[in-house]
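Here the protein sequences line up with chains A and B, keeping their order. Here our numbering is used: the first residue of the first sequence is 28, the next is one more, and so on. Here our numbering is used: the first residue of the second sequence is 28, the next is one more, and so on.
No wet-lab data here; the hints were simulated from the structure. Since this is a predicted model, take the numbers as computed values, not measurements. There's no promise every hint is true.
Identical copies go unnamed one by one, so any copy, or any two together, can satisfy a pair.
[What the hints assert, rightly or not] List of simulated lysine to any residue pairs, SDA-like, C-alpha gap at most 20 angstroms:
| id | residue 1 | residue 2 |
| --- | --- | --- |
| 1 | K51 | K131 |
| 2 | K51 | F236 |
| 3 | K264 | H278 |
| 4 | K219 | K265 |
| 5 | K51 | A231 |
| 6 | K100 | T110 |
| 7 | K306 | R282 |
| 8 | K51 | M173 |
| 9 | K64 | K264 |
| 10 | K420 | G129 |
| 11 | K300 | L254 |
| 12 | K100 | W225 |
| 13 | K264 | D396 |
| 14 | K219 | F257 |
| 15 | K219 | H285 |
| 16 | K174 | G355 |
| 17 | K306 | D78 |
| 18 | K51 | D33 |
| 19 | K131 | Q349 |
Protein chains: 2
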Amino acid sequence: MINHGDNYIKDIRDAVLREVVVDKLTLTATTDFTRIKECDAILICVHTPLDKFRKPDMSYIESACNEIGKNMKAGTFISLESTTYPTTTEELMLPIIEKESGLKQGADFWLAYSPERVDPGNEQFHTKNTPQIIGAMSEDGLEIGMKIYSKAIDTLHPVSSPRIAEMVKILENTYRLVNISLINELALLSGKMDINIWEVIYAAKTKPFGFQAFYPGPGIGGHCIPLDPFYLEHIAKKYNFDLSMIHAAGHINMRMPHYMYIKIATALNRHKKAVNGSKILFLGVAYKPNINDERESPALEIMDIVAHKGGLVQYHDPHNGQVRTLNGYQYTSIPVGHSECNEESNAQLAEALAYAEVVVLTTNQSAFDVDFIQQHAKLIVDMRNMVKEASDKVYKL
Amino acid sequence: MINHGDNYIKDIRDAVLREVVVDKLTLTATTDFTRIKECDAILICVHTPLDKFRKPDMSYIESACNEIGKNMKAGTFISLESTTYPTTTEELMLPIIEKESGLKQGADFWLAYSPERVDPGNEQFHTKNTPQIIGAMSEDGLEIGMKIYSKAIDTLHPVSSPRIAEMVKILENTYRLVNISLINELALLSGKMDINIWEVIYAAKTKPFGFQAFYPGPGIGGHCIPLDPFYLEHIAKKYNFDLSMIHAAGHINMRMPHYMYIKIATALNRHKKAVNGSKILFLGVAYKPNINDERESPALEIMDIVAHKGGLVQYHDPHNGQVRTLNGYQYTSIPVGHSECNEESNAQLAEALAYAEVVVLTTNQSAFDVDFIQQHAKLIVDMRNMVKEASDKVYKL
Numbered sequence: 028m029i030n031h032g033d034n035y036i037k038d039i040r041d042a043v044l045r046e047v048v049v050d051k052l053t054l055t056a057t058t059d060f061t062r063i064k065e066c067d068a069i070l071i072c073v074h075t076p077l078d079k080f081r082k083p084d085m086s087y088i089e090s091a092c093n094e095i096g097k098n099m100k101a102g103t104f105i106s107l108e109s110t111t112y113p114t115t116t117e118e119l120m121l122p123i124i125e126k127e128s129g130l131k132q133g134a135d136f137w138l139a140y141s142p143e144r145v146d147p148g149n150e151q152f153h154t155k156n157t158p159q160i161i162g163a164m165s166e167d168g169l170e171i172g173m174k175i176y177s178k179a180i181d182t183l184h185p186v187s188s189p190r191i192a193e194m195v196k197i198l199e200n201t202y203r204l205v206n207i208s209l210i211n212e213l214a215l216l217s218g219k220m221d222i223n224i225w226e227v228i229y230a231a232k233t234k235p236f237g238f239q240a241f242y243p244g245p246g247i248g249g250h251c252i253p254l255d256p257f258y259l260e261h262i263a264k265k266y267n268f269d270l271s272m273i274h275a276a277g278h279i280n281m282r283m284p285h286y287m288y289i290k291i292a293t294a295l296n297r298h299k300k301a302v303n304g305s306k307i308l309f310l311g312v313a314y315k316p317n318i319n320d321e322r323e324s325p326a327l328e329i330m331d332i333v334a335h336k337g338g339l340v341q342y343h344d345p346h347n348g349q350v351r352t353l354n355g356y357q358y359t360s361i362p363v364g365h366s367e368c369n370e371e372s373n374a375q376l377a378e379a380l381a382y383a384e385v386v387v388l389t390t391n392q393s394a395f396d397v398d399f400i401q402q403h404a405k406l407i408v409d410m411r412n413m414v415k416e417a418s419d420k421v422y423k424l
Numbered sequence: 028m029i030n031h032g033d034n035y036i037k038d039i040r041d042a043v044l045r046e047v048v049v050d051k052l053t054l055t056a057t058t059d060f061t062r063i064k065e066c067d068a069i070l071i072c073v074h075t076p077l078d079k080f081r082k083p084d085m086s087y088i089e090s091a092c093n094e095i096g097k098n099m100k101a102g103t104f105i106s107l108e109s110t111t112y113p114t115t116t117e118e119l120m121l122p123i124i125e126k127e128s129g130l131k132q133g134a135d136f137w138l139a140y141s142p143e144r145v146d147p148g149n150e151q152f153h154t155k156n157t158p159q160i161i162g163a164m165s166e167d168g169l170e171i172g173m174k175i176y177s178k179a180i181d182t183l184h185p186v187s188s189p190r191i192a193e194m195v196k197i198l199e200n201t202y203r204l205v206n207i208s209l210i211n212e213l214a215l216l217s218g219k220m221d222i223n224i225w226e227v228i229y230a231a232k233t234k235p236f237g238f239q240a241f242y243p244g245p246g247i248g249g250h251c252i253p254l255d256p257f258y259l260e261h262i263a264k265k266y267n268f269d270l271s272m273i274h275a276a277g278h279i280n281m282r283m284p285h286y287m288y289i290k291i292a293t294a295l296n297r298h299k300k301a302v303n304g305s306k307i308l309f310l311g312v313a314y315k316p317n318i319n320d321e322r323e324s325p326a327l328e329i330m331d332i333v334a335h336k337g338g339l340v341q342y343h344d345p346h347n348g349q350v351r352t353l354n355g356y357q358y359t360s361i362p363v364g365h366s367e368c369n370e371e372s373n374a375q376l377a378e379a380l381a382y383a384e385v386v387v388l389t390t391n392q393s394a395f396d397v398d399f400i401q402q403h404a405k406l407i408v409d410m411r412n413m414v415k416e417a418s419d420k421v422y423k424l
């Protein structure tokens, strides 16, 4: 698709991809690793997932290093951009590349770590104007790396080693995990204490120093925040160290989809209905608004739980026409093929809203018309504070 | 002292106190509660400490409410500013005041909660220009409260109930506790992994969105952050709710002074010395820089631990001439009576620095001259990243 100039990532403008692939011929995609020897610089951006037991799966990095080592020429600069635990570059990558290539870091090639900081959907900060961290294994490697990255990025922040740069990326995402977990935990307590957590957060935000607002939700999603901190937890064990904050945060977030199921069941219960046999419509499956990425999205997990308990699951998302849940169920968005607002799809959506026993607001896609939803739905569970006025038929997180 | 215009709080300018007490006669201090009946408005700012078992000690609030109830006239507005757990105003204060006064909230008097947000030492934000939250028990009470507070505060943010306002204050300080704990935990791990956590934080700070920097230290201090979250933990138990993030954060911070003792012992050990019998000089006892408040300061706790292990403890702090530790030891700053920099006190400080086996930097008072300290000290344990260059004789958190 890339070689045809076909863009499948919503966060990248089609014209930008077409320009570099079709007009300027500066970007090519290939699976042929022998072409590595044509490269002066290699930036590795492979996936670093967790396996089913939540342990880092380093096989993509290892395999990339193997292929690079076998195929690279002398004089190559190599940088890893994937998020990973501190010491990966120095202790995992370096030995593989040196062994496979027979070359020496600092003499024949240069190795660095420079984490991407992309925030999909952010209109103000993109790759070019977001400062990027770089840590290399030697002084000359840092100098080469700075020259290469400065072609694409306005501001570089060099640090003294790859492990520092690795820790920077993990700190940034651990900060987010811990704060989202804290506010989720306080949201659950607030529910019991008859406190509207959203009103609390908006008020706390008026403090002009020492506070940054985070918002509760059905759980954390995406390919960074739910994963990165557990990379650190993994390596900490090697140092006989227990990361209790990350552990507690992980615990809360792992439970959030279950709490959300309870919320749905509680709402239905007030109408003397059970989840089992009820028609439940989810609005929004992406892990955050206005993107088409449903990786690690809590909405999918809640759909799985609800389906497992006998609920009749449907969903609607303007950016994600089809999804596959962790349990392997395939769902298609209602109305089918909806992307632009038109009368026909609006009528279909109104029908789906009225048909459902409960409508669950899981992602605050800005395309959603809250008034329209309220008008047609019988009962709403709002996990994103999308409905602003209190109402008998709205249950909030 | 207040009635003589003598200011003992460093954060308040002497002239401001003298003006309202001596010139304008608008401020009087008294312990005579019968004068309550002269007041149209009562703002309660009593201490809300934790007892020795870390349970909220509500006796100051209870006693204030008792005295107010007994002595107040009809038509009084009452607001609590002390930090406390949500529901205090509605469920603890209201019944006492109504019982003691025989008056009715909403008809004969009005009750509200409006937390102070003072940040001692903050040069930009003080009481007047920091937005203040207010939540009252009735609409008319909120209106009266807004009129009273608007005389002193530029921006008021009304919320729908006292419990919302109570939760706002606790959220703000819980956010700080949790983030300081997270960075302290990561600092301890980083020490084991040969990662300079300070360099990591400075690099992470270059991210222009979604990150706020916190710094590690010997533990948390002051009368807010170490206490407020445990108010929430206390009330959560009544709702059968376990606040795991606050629990984990509390655990880390309770252990920090002990880890700092280990750090001191480790530094001495490299010089083949034991804590027992060594002269150990602490620089800074205030819980944060440029204030004279050593309440809950971790420095005092570390001094207690070190003294208990046989260390010969001395300290120097330009703002705190004398301190009393939790274990009841009284210490006097060296050089004695030092407040202004002059040659004599500099010579005394140089002597004390050279005399000590190890100098421990516990508070980054801006009056400290780091070059001077490095020049005279044999060995330094730096808990605040005050020494910028690496050196053999400096051990960092």
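Verification of the supplied hints:
no. : hint        : in the structure
1   : K51 - K131  : neither (35 angstroms within a copy, 79 angstroms between copies)
2   : K51 - F236  : neither (47 angstroms within a copy, 32 angstroms between copies)
3   : K264 - H278 : both (17 angstroms within a copy, 19 angstroms between copies)
4   : K219 - K265 : between (40 angstroms within a copy, 10 angstroms between copies)
5   : K51 - A231  : neither (50 angstroms within a copy, 35 angstroms between copies)
6   : K100 - T110 : neither (26 angstroms within a copy, 65 angstroms between copies)
7   : K306 - R282 : neither (23 angstroms within a copy, 51 angstroms between copies)
8   : K51 - M173  : neither (24 angstroms within a copy, 63 angstroms between copies)
9   : K64 - K264  : neither (38 angstroms within a copy, 63 angstroms between copies)
10  : K420 - G129 : neither (68 angstroms within a copy, 40 angstroms between copies)
11  : K300 - L254 : neither (37 angstroms within a copy, 44 angstroms between copies)
12  : K100 - W225 : neither (56 angstroms within a copy, 37 angstroms between copies)
13  : K264 - D396 : neither (47 angstroms within a copy, 39 angstroms between copies)
14  : K219 - F257 : between (30 angstroms within a copy, 18 angstroms between copies)
15  : K219 - H285 : within (17 angstroms within a copy, 37 angstroms between copies)
16  : K174 - G355 : neither (46 angstroms within a copy, 60 angstroms between copies)
17  : K306 - D78  : neither (33 angstroms within a copy, 52 angstroms between copies)
18  : K51 - D33   : within (15 angstroms within a copy, 76 angstroms between copies)
19  : K131 - Q349 : neither (48 angstroms within a copy, 60 angstroms between copies)
Hints 1, 2, 5, 6, 7, 8, 9, 10, 11, 12, 13, 16, 17, 19, counting from the list given before, are not met by this structure.
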